[in-house]
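*Asks:* Listed below, chain by chain, are the residues.
Number of protein chains: 2
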Amino acid sequence: MFFYNFRRQNLNEDIFPNGAAWMSGKFIKLSEARIPVLDWGFLRSDATYDVAHVWKGRFFCLDKHIDRFFKSAEKLRMPCLINRNKLKQILAGCVKNAGLENAYVEMIQTRGMSQNFDRDPRKSKPRFIAFAVPFGWILKPEEFEKGLDVAVSNIKRIPHSSIDSTIKNYHWLDLVIGMFDAYDRGHNTALLTDEENNVLEGPGFNIFSVDEIGLGTPDRGVLEGITRQTVIDLAKELNLPFNLKQLSLQKLISSKELFATSTAGGIMPITKINGQSIGTGIPGEITRKLHKIYWDKHTDPTWTSSVEDLLK
Amino acid sequence: MFFYNFRRQNLNEDIFPNGAAWMSGKFIKLSEARIPVLDWGFLRSDATYDVAHVWKGRFFCLDKHIDRFFKSAEKLRMPCLINRNKLKQILAGCVKNAGLENAYVEMIQTRGMSQNFDRDPRKSKPRFIAFAVPFGWILKPEEFEKGLDVAVSNIKRIPHSSIDSTIKNYHWLDLVIGMFDAYDRGHNTALLTDEENNVLEGPGFNIFSVDEIGLGTPDRGVLEGITRQTVIDLAKELNLPFNLKQLSLQKLISSKELFATSTAGGIMPITKINGQSIGTGIPGEITRKLHKIYWDKHTDPTWTSSVEDLLK
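Protein chains in written order, with the working numbering: chain A, 71 to 382; chain B, 71 to 382.
Just chain A, with the same shape it has in the complex:
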C-alpha cells in the first residue's frame, strides 16, 4: 500500500512553463533540457550563468550580460567556447522557438562531467545550455505602489573571500533559507548582510538607497548586477549623484527611498524593512523617475537589440 502511493507520487510528470532550450548543439523543447546527474554543475554547483531579458521582442543590454558571462566563465577557468555572435543567435533562437514577446533568457556553463567520475575538474568537458521562459517579476507591476516588504535575515551572505561575488553563481542556499525566514515572518523577500551587518543583496536583486546625498548602493560583496549598472548609468544621465558605499542596516532604514534592481523586474520600490516603513511608505520620486526611464529605454535601439534582427 505504501509502495503504491509512493510510486504514484514519484511518477507524476514534471510540468514545465512555456519555453525552449538549446543544448548539445541544437534547439530542443524545454522539457527535454536535462543534465546528467553526474555533471559537476549539479554535484558541485560548479557552474556560472547569466540572465538577459527580452521585452516586446527586444533584448535589453544583451552585450553587458554576455561580457559578464564570458568573464565569469574565464574566472572559473572554463572559458566559453561559443563566440558572441553565435551566442546571440542561440539566445534569440530560444526566444523565437518559445514564441515569447517578453522573456527571461538564461545562459549557463557547467564544468561538465568526466568519463570516469574523476574528481579533478580539469578532466571535465564544460557544458553550455541556454533556455528562454516567460518573463518573471520579483515585484509584479500591479504591486508597484505597494512596493516590496523585506525582512533582513540573520543569515550572512556567502562572503567574497569564499566565492568571488563578481562571478554569477548558483550558491543560493543562504538566500533560500533567508527567503524561508522572511516568509515565516510574513514578508515578501529577504535581504542578507555581511558579518558587520552591512546590507548586501537579496535573492536575485541588488539594493539602492536614496538619501540627501543621492543614490547609494553597496560597493563590495555583491553581484555587480547589470540592472544595478543600468541605474548608475541612468543616474549619470539624470545628473543624480550616486555613491558606491557600505550600507548599514540603520542607514538603510533611515533612507528617504529604497529600491531593488534585478533583471527579473527592473527597478522595484522597497517600502518596508522588517515592518518599518521607508520614507513616506510609498514609492518615492527618484524611484519613479528611474523606473520610468528604465522602461523607456526598452524601445531605444542603443540599449536594445531585436530578437528578429539577431536571427537574420
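Because the hints were derived from the structure by calculation, they are not lab data.
The reader is advised that the hints may include incorrect statements.
Claimed, not checked - For lysine-lysine, the following DSS-like pairs were computed, each having C-alpha atoms within a straight-line distance of at most 27 Å:
#  : chain 1 : residue 1 : chain 2 : residue 2
1  : B       : 99        : A       : 99
2  : A       : 134       : A       : 362
3  : A       : 193       : B       : 367
4  : A       : 145       : A       : 216
5  : A       : 238       : B       : 238
6  : A       : 193       : B       : 216
7  : B       : 126       : B       : 156
8  : B       : 238       : B       : 141
9  : A       : 216       : A       : 141
10 : A       : 141       : A       : 210
11 : B       : 210       : B       : 96
12 : B       : 193       : A       : 99
13 : B       : 306       : A       : 195
14 : B       : 315       : B       : 134
15 : A       : 238       : B       : 315
16 : B       : 193       : A       : 210
17 : B       : 166       : B       : 156
18 : B       : 195       : B       : 126
19 : A       : 193       : B       : 156
20 : B       : 216       : B       : 193
21 : A       : 195       : B       : 99
22 : B       : 195       : A       : 238
23 : A       : 193       : B       : 238
24 : A       : 99        : B       : 216
25 : B       : 382       : B       : 306
26 : B       : 216       : B       : 166
27 : B       : 193       : A       : 342
28 : A       : 99        : B       : 195
29 : A       : 195       : B       : 210
30 : A       : 126       : A       : 166
31 : A       : 145       : B       : 238
32 : A       : 193       : B       : 134
33 : A       : 145       : A       : 195
34 : B       : 195       : A       : 210
35 : A       : 216       : B       : 193
36 : B       : 145       : A       : 96
37 : B       : 193       : A       : 238
We have chain A already, so just place chain B on it with the hints.
*Replies:* Just chain B, lined up with the frame of chain A:
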C-alpha cells in the same frame, strides 16, 4: 565552417562510468539519470545529499549516512518522503543493478521545480535521486606510503553563518577554486581555512592531527563527516585520547601525524603541507593503526550490512 566544427564538438555524447540510478519511482541506467535544467537543485544548488560506500558487497555505516541525510533534508525544510527501509532497498538496488562489489552510492534530494518557474521554494515539489558508481579514492591505496601533499588555499571555506555546515551541500566553488590553486602549485589537493586561519576541511574530506596530547579535529565550520565520526569511535575503542578543537595552520604543520578522512577512501595520510614534511614525512603509527582497524571493520556485521540482505 565554424558552425560545423562547433556542432561536432557539442554533439559528442557524454561518456558515463559504469553505474545505475533510481529516479521517479524506478531504476534506470546511469546515462538516463538527468534532471530538468529548471530544477532548483541545479539553478540554486538548493539540494542536499549523502554518500555511503559499499566494500566487498557490504554497506559501511549506512544508517549513519541515512540519519544525516534525513536531518539535512529536514533542515532545508523538505523532509525526505522515502522511509528508511525503502531508501535502503533503493540504494542496494542501484549497487546490484550496476553489478558493483565496491561502490560509491549517492542519495540526493533537490527542491525540485515549480510548474510556473515560481521563485517561492515552497511551491516546488522535491525530487529524490540515487545512483551507484565504482568506488573512488581521494588517495589511491598504492599511494598510501607516499601520502597526500596538500596546499593550504587562500580561499576561505564558506562559513557556517552563511550555510549550516552540518547540512551536506553542493556549495563547492570555494573548494574547486582551492583545488585549481593547489594543482597550479604542484600539490595533490587543497585545505581551506576560516577567516582566522584555522584549518577546516578539504574537497570532500575532514582532517585529523596527531600530537603529544592525542588526536584532534576541527570542532566547528566543517561537515560532520561519517568517517570523521568513525575515527572518533575507533579512537575510543583503541583508548586514544581525542579533542574537538580549532587547528591553527601552525599547529597543523607541527603535528606528528596528519590524515584526511572521507567516504571516498577512508583514512588517508597527509605527509606534506605546503611542501613541508609532517612528522617523519611518512604515514605515522596512529594513522596506520586507525587505517587498519577502519578497513577491518568493513567485514564486521555490527558496522556493515550486506547489499544482498537489504534486497531480500
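*Asks:* If a hint holds in the structure, say so; if it doesn't, say that too.
*Replies:* Hint check results:
1. For the hint pairing residue 99 of chain B with residue 99 of chain A, the CA-to-CA distance comes to about 22 Å; that is within 27 Å, so the pair holds.
2. Only pairs whose Cα atoms come within 27 Å are accepted, and residue 134 of chain A paired with residue 362 of chain A is accepted, the gap being roughly 21 Å.
3. As the CA atoms of residue 193 of chain A and residue 367 of chain B are separated by approximately 34 Å, the hinted pair breaks the 27 Å bound.
4. For a cut-off of 27 Å, the pair hint linking residue 145 of chain A to residue 216 of chain A is broken: about 40 Å separates their Cα positions.
5. Restraint check for residue 238 of chain A and residue 238 of chain B: satisfied, since their Cα atoms lie roughly 22 Å apart, inside the 27 Å limit.
6. The hinted pair formed by residue 193 of chain A and residue 216 of chain B meets the criterion: a straight-line CA distance of about 23 Å does not exceed 27 Å.
7. Distance check on the hinted pair: residue 126 of chain B and residue 156 of chain B sit about 22 Å apart at the alpha-carbon level, within 27 Å; holds.
8. This hinted pair checks out: residue 238 of chain B and residue 141 of chain B have alpha carbons roughly 10 Å apart, not beyond 27 Å.
9. In summary, the hint linking residue 216 of chain A to residue 141 of chain A is not supported, as the alpha carbons are separated by about 37 Å, beyond the 27 Å threshold.
10. The suggested pairing of residue 141 of chain A with residue 210 of chain A is violated, with an alpha-carbon distance near 31 Å, which exceeds 27 Å.
11. Of the supplied pair hints, the one linking residue 210 of chain B and residue 96 of chain B is violated, its CA atoms being roughly 33 Å apart against a limit of 27 Å.
12. Simply put, residue 193 of chain B and residue 99 of chain A have alpha-carbon atoms about 23 Å apart, close enough for the 27 Å limit, and the pair holds.
13. Restraint check for residue 306 of chain B and residue 195 of chain A: not satisfied, since their Cα atoms lie roughly 45 Å apart, outside the 27 Å limit.
14. A C-alpha spacing of about 23 Å is found between residue 315 of chain B and residue 134 of chain B, which places the hinted pair at or below 27 Å, so the restraint holds.
15. For the hint linking residue 238 of chain A to residue 315 of chain B, the alpha-carbon distance of about 35 Å lies beyond 27 Å, and the restraint is violated.
16. Distance restraint check for residue 193 of chain B and residue 210 of chain A: the Cα-Cα separation of roughly 18 Å lies within the 27 Å cut-off, and the hinted pair is therefore satisfied.
17. Only pairs whose Cα atoms come within 27 Å are accepted, and residue 166 of chain B paired with residue 156 of chain B is accepted, the gap being roughly 15 Å.
18. For the hint linking residue 195 of chain B to residue 126 of chain B, the alpha-carbon distance of about 36 Å lies beyond 27 Å, and the restraint is violated.
19. Using a Cα cut-off of 27 Å, the hinted pair residue 193 of chain A and residue 156 of chain B is violated, with the two alpha carbons roughly 35 Å apart.
20. This hinted pair does not check out: residue 216 of chain B and residue 193 of chain B have alpha carbons roughly 51 Å apart, beyond 27 Å.
21. Between residue 195 of chain A and residue 99 of chain B the CA atoms are separated by roughly 21 Å; this keeps the pair inside 27 Å, and the hint holds.
22. Proximity of residue 195 of chain B to residue 238 of chain A is assessed by CA-CA distance (about 25 Å); at most 27 Å being required, the pair is judged to hold.
23. Distance check on the hinted pair: residue 193 of chain A and residue 238 of chain B sit about 24 Å apart at the alpha-carbon level, within 27 Å; holds.
24. At most 27 Å may separate the alpha-carbon atoms for a hinted pair to count; residue 99 of chain A and residue 216 of chain B exceed this at roughly 51 Å.
25. Using a Cα cut-off of 27 Å, the hinted pair residue 382 of chain B and residue 306 of chain B is violated, with the two alpha carbons roughly 34 Å apart.
26. Our distance criterion of 27 Å between C-alpha atoms is broken by residue 216 of chain B and residue 166 of chain B, whose separation comes to about 34 Å.
27. For the proposed pair residue 193 of chain B and residue 342 of chain A, the alpha carbon gap of about 24 Å is at most 27 Å, so the pair holds.
28. Restraint check for residue 99 of chain A and residue 195 of chain B: the C-alpha separation of about 21 Å stays at or below 27 Å, so the hint holds.
29. For a cut-off of 27 Å, the pair hint linking residue 195 of chain A to residue 210 of chain B stands: about 24 Å separates their Cα positions.
30. Of the supplied pair hints, the one linking residue 126 of chain A and residue 166 of chain A holds, its CA atoms being roughly 12 Å apart against a limit of 27 Å.
31. As the CA atoms of residue 145 of chain A and residue 238 of chain B are separated by approximately 26 Å, the hinted pair is consistent with the 27 Å bound.
32. A threshold of 27 Å between alpha carbons decides the hint, and for residue 193 of chain A with residue 134 of chain B the separation of about 32 Å lies outside it, so the pair is violated.
33. Taken as a hint, the residue 145 of chain A and residue 195 of chain A pair is honoured in the structure, with Cα atoms around 16 Å apart against an allowance of 27 Å.
34. With a CA separation close to 24 Å, the supplied pair residue 195 of chain B and residue 210 of chain A stays within the 27 Å bound.
35. Taking the CA atoms of residue 216 of chain A and residue 193 of chain B, the gap is near 23 Å; set against the 27 Å cutoff, the hint holds.
36. Of the supplied pair hints, the one linking residue 145 of chain B and residue 96 of chain A is violated, its CA atoms being roughly 39 Å apart against a limit of 27 Å.
37. For the hint linking residue 193 of chain B to residue 238 of chain A, the alpha-carbon distance of about 24 Å falls within 27 Å, and the restraint holds.
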